[in-house]
Amino acid sequence: MTKVLIIAEHASGKLNASTAKCVKAATTLAGSEIAVAVFAGPGSSVAAQAAQLSGVSRVIDVSDAAHEHALAATLAPLVAELAADFTHVFGPSTTFGKDLMPRVAALLDAPQVSDVMSIESPTRFRRPIYAGNAITTVEVAAGTRIVATIRTASFEAVAGGGSAKVESAALAAALPTHTRFVALAAAGGDRPDLQSATKVVSGGRALASGEAFKLIYALADKLGAAVGASRAAVDAGYVPSDMQVGQTGKIIAPELYVAIGISGAIQHLTGIKDARTIVAINKDAEAPIFEVADLGLVGDLFTIVPELEKLIDESRK
Amino acid sequence: MEAEQSPRRILVAIKRVVDYNVRIRVKPDGSGVVLDGVKLSINPFDAIAIEEALRIKERGRADEVVVATIGPADCQATLRNALAMGAQRALHVVADSPLEPLAITRILLKLVEREQPFLVILGKQAIDDDNNQTGQMLAALWNRPQATFASKIELSETAAKVTREVDAGLETLEVDLPAVITTDLRLNEPRFVKLPEIMKAKSKPLATIPLNDVGSAGTPRIKVIRTEPPPGRQRGIMVKDTAELFAELHKRGLV
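Chains as they are written, first to last, in this note's numbering: chain A, 1 to 317; chain B, 1 to 255.
Just so you know, these hints were derived from the structure itself, not from any lab. Some hints could be false.
[Claimed, not checked] Label-pair ranges, simulated between beta-carbon atoms: (1) 214/A x 110/B: 51 to 57 Å; (2) 235/B x 124/A: 31 to 37 Å; (3) 236/A x 210/B: 45 to 51 Å; (4) 25/B x 236/A: 55 to 61 Å.
We put the CB at the ideal spot given by N, CA and C, even for glycine.
Hey, can you work out the whole structure from these sequences and the hints?
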């Protein structure tokens with residue numbers, strides 16, 4: 001029988017939706033027993049939140065002041081200790097899971113399958129390579145524990161309403177002191193985070209200046225969207241590189257992606273191909289972005305974007 | 001820690017990959033992606049790792065930058081490129097077939113034991129297999145701190161303060177040295193290599209190390225069954241003006 005241990009992700013006392021998606025992935029393993037391990041500070045309600053996830057059979061609550069801020073070096077030995085009872089250890093393919101899980105895998109001498117997008121059997125997984133430009137099916141040799149990160153864009157969150165039992169665990173592994181949390185600065189101010197936003201508006205080289213990005217911000221704010229940019233716009237210095245969407249920037253999967261003045265270089269398309277709806281506005285009718293756009297409009301962005309904003313305003317009156 | 005007279009050394013592990021501008025094609029028989037005749041370059045995140053190591057050395061915080069790669073004989077061109085960027089020495093562990101991250105990690109650990117670096121810098125992931133594992137695994141087996149996805153590194157004598165790009169924003173950690181750091185995109189912009197540097201790099205030391213000297217390929221545990229192209233996107237519709245665009249967005253519940 002497969003027994004899956006999921007490492008919960010949480011912040012500010014709230015369970016991250018990525019955990020419910022990992023549970024969903026685990027439920028696709030027929031007959032699996034699913035436990036969620038919560039490493040949180042004392043007095044946190046995250047374990048209780050995890051217990052409500054449908055499909056979870058038990059929650060292992062590991063509270064310690066050392067877990068106020070998740071540190072991979074601190075958590076990995078503890079996860080490795082817990083993993084002894086499990087066939088699979090899953091974490092989300094977010095920066096939290098990407099940081100932690102390989103460290104766990106190494107301690108367990110277990111292979112890791114990164115960015116799992118579907119599970120075909122307890123040992124067979126599909127995952128993207130080349131930034132999603134190819135999909136591989138991999139088979140992990142029998143008889144080994146399997147560590148995996150779960151691609152959150154590929155799984156829906158399980159529903160709530162469950163009532164798993166919560167047990168606390170006292171673990172023996174010593175906590176290292178060589179890694180210390182200093183600070184966390186939230187990104188983007190009031191705007192949604194680019195990586196996880198449901199709507200994203202991006203600008204490209206056709207904006208022709210950093211100043212012109214005001215247009216992009218204004219539209220994004222109307223839509224409640226995060227703001228991204230093409231590599232060309234970043235290289236031209238219009239916006240900082242943390243806004244770059246594409247193979248070497250952020251790979252995103254929003255419900256709505258609006259590409260404004262972006263021609264659609266392969267490395268950009270790679271970063272957006274999992275978006276539900278892609279809208280492209282570009283003055284070049286031959287731009288490759290139109291080959292992947294669900295809705296395309298050829299024209300001058302400096303005319304179209306203000307018009308679109310006005311129409312949005314009017315519709316809300 | 002090191003004896004006083006030993007150089008303060010940074011080890012940078014790099015990988016040669018299909019250039020990020022190449023449009024990948026999957027072989028029709030599903031056996032992999034087409035690599036014949038495709039432009040190969042240093043993994044972009046690894047170029048950032050080399051650049052950062054060089055900047056640390058140029059600020060006087062390190063004495064030597066050593067680059068290492070594990071791969072077939074023709075990977076030496078990639079190492080020469082790293083030497084041309086400014087690294088002092090290169091190590092080439094010859095491995096003719098691809099290795100899994102844990103096997104790579106064990107080899108790197110051997111190199112770490114030989115070289116005794118105070119810092120190991122790697123790209124956060126290679127853009128071919130996108131595993132994003134090796135740096136973290138090395139830190140685990142070396143039993144040292146890790147600071148992944150770095151966008152800023154500040155070094156003191158005994159520790160590094162590293163700003164990390166995380167989903168929630170920017171996280172800052174302090175890690176004791178020696179440590180493993182993996183690079184994210186905005187850590188720096190790698191320098192362009194000038195022709196005289198390329199000439200000079202030809203005479204820099206490049207050690208070829210047989211795989212058996214530093215480990216083994218290990219028994220592969222992850223087998224690729226097949227490789228497929230991703231499901232393609234359907235070309236959508238073209239609208240004639242902003243009003244029609246808005247109407248379509250509205251119809252789909254997106255505005």
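Notebook entry, point to check: Is the gap between the beta carbons of residue 236/A and residue 210/B within 45 to 51 Å?
Noted result: With Cβ atoms ~47 Å apart, the hint holds.
Margin query: Against the range 55 to 61 Å, how does the distance between the Cβ atoms of residue 25/B and residue 236/A compare: consistent or not?
Written below: violated, 30 Å
Item checked: Outcome of range test on Cβ distance (residue 235/B, residue 124/A; 31 to 37 Å) -> Holds, since residue 235/B and residue 124/A (Cβ atoms, about 33 Å apart) stay within the stated range.
Item checked: Hint check for residue 110/B and residue 214/A - Cβ pair distance inside 51 to 57 Å -> For residue 110/B against residue 214/A, whose Cβ atoms are near 54 Å apart, the range 51 to 57 Å holds.
The structure is inconsistent with hint 4 alone, although it conforms to all the rest.
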